[in-house]
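Peer 1: Generate coordinates for the entire structure from the input sequences, incorporating the hints supplied.
In this note's numbering, the protein residues as written are 6 to 251.
Calculated directly from the structure, the hints in this document are not laboratory data.
Some clues are possibly wrong.
[Claimed, not checked] Here are the simulated lysine-lysine pairs, DSSO-like style, with alpha carbons at most 27 Å apart:
#1 Lys197 <-> Lys175
#2 Lys96 <-> Lys126
#3 Lys126 <-> Lys197
#4 Lys132 <-> Lys153
#5 Lys105 <-> Lys132
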Amino acid sequence: MKEHELYINSFWSAIQKLMRLSGEKNCRKGRRRSGVRAMLLLALTVFQNFNFSLTALKNIRTYFLLVLMFHMFSLSAQTPIKDSGADGKTKVIPLVVGQKVPDDFWTIEHLIYVDGDTIRKNLSEYKGKPLILDFWATWCGACLHNFKKLEELKKQHGNELAVLLVNPRKYRDNYEKIHRVFSQALPQLGVKQLSSILYDDYIMELFPHLGIPHYVWINARGRFTAFTDTGGLESNSVRYQIMNPY
6 MKEHELYINS FWSAIQKLMR LSGEKNCRKG RRRSGVRAML LLALTVFQNF NFSLTALKNI
66 RTYFLLVLMF HMFSLSAQTP IKDSGADGKT KVIPLVVGQK VPDDFWTIEH LIYVDGDTIR
126 KNLSEYKGKP LILDFWATWC GACLHNFKKL EELKKQHGNE LAVLLVNPRK YRDNYEKIHR
186 VFSQALPQLG VKQLSSILYD DYIMELFPHL GIPHYVWINA RGRFTAFTDT GGLESNSVRY
246 QIMNPY
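Peer 2: Dropping the structure here:
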């Protein structure tokens, strides 16, 4: 057999091998696999039907380039595409001031620490009133110190205002640490009526930030109106949020 025929046969064998491999992988990527198989089959058909000669592909390196190209297609098909729904979850898009929170914000269930115990519920009870979200961690002294201000604001404005603490998973707290803060540290500060979301991921993705304490303001119409530090906890600021929904 001539040398150029050996190279062509090797190229066809490589394509056929990639076709077999593309069909043997995870069935969850079936649509991408079938696309690669179709491309490989098309290339094989072209080479067979048009009987490419050595003059069309004089340079031996071209064979290897084509093999490499198809191998790259195969590898790209094996790489998961990161899009909404690719892993069964809806992609969370961070909000900017002025946007309304998505419907999921009110309906997704969270693990919430209430009165020494945990319950799983959504945030629908907070809908229709101004809401302050306070991102915190057990190791943040300033966070704990300002809980008293939040509780006083809640008492002062009654049902006109809702307050909810949010402990993100990224801060690596756990139930034991949080329970110790609520059962030992907060009573000494006179804080008794606050509740906190535990192990949060979703709300943190909606309102990403770097430092804590970090306060997010959502008005009665469900619109993200501001984010502040502790300076935003003044009574006038709260009254403005209550009296001026937009």
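Peer 1: Which numbered conditions among the earlier hints are violated in the structure presented, ordered from lowest to highest?
Peer 2: none
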